[in-house]
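J.: Given the coordinates of chain A, work out where chain B should sit on it, guided by the hints.
There are 2 protein chains.
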Amino acid sequence: MKVTVKSLVLALATSVVASAASAATVRDEPIVPIEPAVVDNPAKVALGKKLFFEPRLSMSGIISCNTCHNLSRGGTDNLKTSIGHQWRAGPVNAPTVLNSSLAIAQFWDGRAANLKEQAGGPIQAGIEMAMPHTLALDVLQSIPGYVEEFTAVFGPGDIDMDKVTSAIAAFEETLVTPNSRFDQWLKGDDKALSVDELAGYTLFKDSGCVTCHNGEAAGGTSYQRMGVVKPYASTSPVEGRYAVTGNDADRFNFKVPTLRNVEMTYPYFHDGQARTLEEAVDIMGQLQLGRHYSEVEIGQIVAFLKTLTGEQPQIMVPILPPSSNATPRPDPFN
Amino acid sequence: MKVTVKSLVLALATSVVASAASAATVRDEPIVPIEPAVVDNPAKVALGKKLFFEPRLSMSGIISCNTCHNLSRGGTDNLKTSIGHQWRAGPVNAPTVLNSSLAIAQFWDGRAANLKEQAGGPIQAGIEMAMPHTLALDVLQSIPGYVEEFTAVFGPGDIDMDKVTSAIAAFEETLVTPNSRFDQWLKGDDKALSVDELAGYTLFKDSGCVTCHNGEAAGGTSYQRMGVVKPYASTSPVEGRYAVTGNDADRFNFKVPTLRNVEMTYPYFHDGQARTLEEAVDIMGQLQLGRHYSEVEIGQIVAFLKTLTGEQPQIMVPILPPSSNATPRPDPFN
Chain A
1 MKVTVKSLVL
11 ALATSVVASA
21 ASAATVRDEP
31 IVPIEPAVVD
41 NPAKVALGKK
51 LFFEPRLSMS
61 GIISCNTCHN
71 LSRGGTDNLK
81 TSIGHQWRAG
91 PVNAPTVLNS
101 SLAIAQFWDG
111 RAANLKEQAG
121 GPIQAGIEMA
131 MPHTLALDVL
141 QSIPGYVEEF
151 TAVFGPGDID
161 MDKVTSAIAA
171 FEETLVTPNS
181 RFDQWLKGDD
191 KALSVDELAG
201 YTLFKDSGCV
211 TCHNGEAAGG
221 TSYQRMGVVK
231 PYASTSPVEG
241 RYAVTGNDAD
251 RFNFKVPTLR
261 NVEMTYPYFH
271 DGQARTLEEA
281 VDIMGQLQLG
291 RHYSEVEIGQ
301 IVAFLKTLTG
311 EQPQIMVPIL
321 PPSSNATPRP
331 DPFN
Chain B
1 MKVTVKSLVL
11 ALATSVVASA
21 ASAATVRDEP
31 IVPIEPAVVD
41 NPAKVALGKK
51 LFFEPRLSMS
61 GIISCNTCHN
71 LSRGGTDNLK
81 TSIGHQWRAG
91 PVNAPTVLNS
101 SLAIAQFWDG
111 RAANLKEQAG
121 GPIQAGIEMA
131 MPHTLALDVL
141 QSIPGYVEEF
151 TAVFGPGDID
161 MDKVTSAIAA
171 FEETLVTPNS
181 RFDQWLKGDD
191 KALSVDELAG
201 YTLFKDSGCV
211 TCHNGEAAGG
221 TSYQRMGVVK
231 PYASTSPVEG
241 RYAVTGNDAD
251 RFNFKVPTLR
261 NVEMTYPYFH
271 DGQARTLEEA
281 VDIMGQLQLG
291 RHYSEVEIGQ
301 IVAFLKTLTG
311 EQPQIMVPIL
321 PPSSNATPRP
331 DPFN
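Those sequence lines, one after another, are chains A and B. For reference, each letter of the first sequence is one residue, going 1 to 334 in the working numbering. For reference, each letter of the second sequence is one residue, going 1 to 334 in the working numbering.
Bound conformation, chain A alone (with noise of 0.2 Å):
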């Protein structure tokens, strides 16, 4: 016995010392090692996850959460602007789920304050999944399968708008890309980085980019101007946070974009406007900072950009429950 409590005592005690350790190599950088997601409410998640990626929720039948933000490609649809119902084209391209819910607010104007309140949005939307809220929860009642699955982690009572966005929201809350080549710098490893990449870093922290591009999500932190030396010359006529408050002050002001993974979730930029990570580099760096990069400066840039893709969420592909006799089935082509 009381070699046990030693053993205890010891193992405690180790523990103790291994997390200081751990705690004190984390450099004191501008940006934060992304933590894995921690799931408190497994059959919630496995619920939201079905309803990711379910066509059933849009009018057409075909287009789910997964069409747009497509986890095979972090997050994206790798599209300047989205396809949307009946093809119809977006106004902004569509931001990556991955890592969304270390955002201050969801939407490229932050019009929704979590990713609860924003879940609801696209299917509703007209060019989008175009499907009413009404008729959404008519499908949902309908199949014996969701019904179950609702009962089980929301206790009895009709499926209702509430109940879905808030499983949609805590699946998408478990997308997070942890233990990235630059996590694994910033937790002390100092091989993680190749000397261009650290050489990129240095500059991108030097020159002000982190200004913005801070935090665990390297943005996605505050609201800023699109054009702040020179203004930018969008194709989109959106006009950012401005939609939201009103202020003339706000016009053009976008939420920060997150960094993580952005070697995957090109084209860049609220319009899609730079196709590759290079031009939306050189962009930055001339519109929000009045500097030029010279192409070797962009190149350590970009190499250090790509070190922030993390390792993607290991989704199995959800097996939807069938619709009964009595589901509204979709008509595409009216």
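One thing to keep in mind: the hints can contain errors.
No distinction is drawn between identical chains; accordingly, a pair holds when it is met within one copy or between any pair of copies.
DMTMM-like cross-link-like pairs, simulated, lysine to aspartate or glutamate; straight-line CA separation at most 25 Å [as the list claims (entries may be wrong)]:
hint: 1; residue 1: K50; residue 2: E311
hint: 2; residue 1: K116; residue 2: D206
hint: 3; residue 1: K50; residue 2: E263
hint: 4; residue 1: K116; residue 2: D190
hint: 5; residue 1: K116; residue 2: E279
hint: 6; residue 1: K163; residue 2: D196
hint: 7; residue 1: K50; residue 2: D162
hint: 8; residue 1: K50; residue 2: D189
hint: 9; residue 1: K306; residue 2: D138
hint: 10; residue 1: K306; residue 2: E148
hint: 11; residue 1: K187; residue 2: E117
hint: 12; residue 1: K163; residue 2: D250
hint: 13; residue 1: K205; residue 2: D28
hint: 14; residue 1: K50; residue 2: E297
hint: 15; residue 1: K50; residue 2: E29
hint: 16; residue 1: K306; residue 2: E295
hint: 17; residue 1: K306; residue 2: E239
hint: 18; residue 1: K163; residue 2: D248
hint: 19; residue 1: K116; residue 2: E278
Treat the hints as calculated values from the structure; they're not laboratory data.
T.: Positioned in the frame of chain A, the structure of chain B alone reads:
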């Protein structure tokens, strides 16, 4: 040493007895159990899975094989006819990819001899993915992650359609659904079916459905005329096997669809006109067998059909390699 040999002999003997016993308990029925897939080239299957989920094989950059053969939904899109490039309507209902390797040929009219021959078709079909093969290959060849993976699977050399379709087919061959309740019953478990389900199967067999719906996939073993006793009133202009052979006798002959997982693959028939399983059974009885099933009989047959839902493939969402700066970008709105 002697002991080891003896154990080995014993083990072998036991295994022979077990397999003889198991073979002996498979009931002698026109529908045969599905066996799990044997994967002999996992790297090729993994590459094929990526290509199956790859929207860059479409002109729009948004449609993949999985869009219409959705592995979350029994390998179908659950639409009457599919939505293709620029929201064009396909001419026929998307058949399930599940267990498609067990069919005599591919497509409703059997115009492709096998899955490899099939896979190239929808990529370039203007109403489906609308992607010229040359451009699809340019895209793949420009993506370093794909070049590496194709080289690992096929050896050095350019990516060509033969390799692309061969990898997709290798993945699709793994998409079988063994261990349905009906297969458990076939293998000797008397309790796997309820009285009603068994009555449904008996009726299904005795009234002649098994003439066409037989074999491992409960279908896919022959071409048959849609409308044997009475003509079928279709809204679709397609004429089935006639399009392939040009023989008048083949007009309105279609490959008999599989009934495996039929609960998940609504709506039914080549034109997707039958909304429910009940409707499909009723119409089949009248048109193919000259028989009016009663409501009770239809209920029993449907109960049996639902026992054909097998274990769905457990697929991890693939992470697709990012495009390079040289990769042609999709331009879906022009």
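J.: Checking against the hints above, which ones are violated?
T.: 2, 4, 5, 6, 8, 11, 12, 14, 15, 17, 18 and 19
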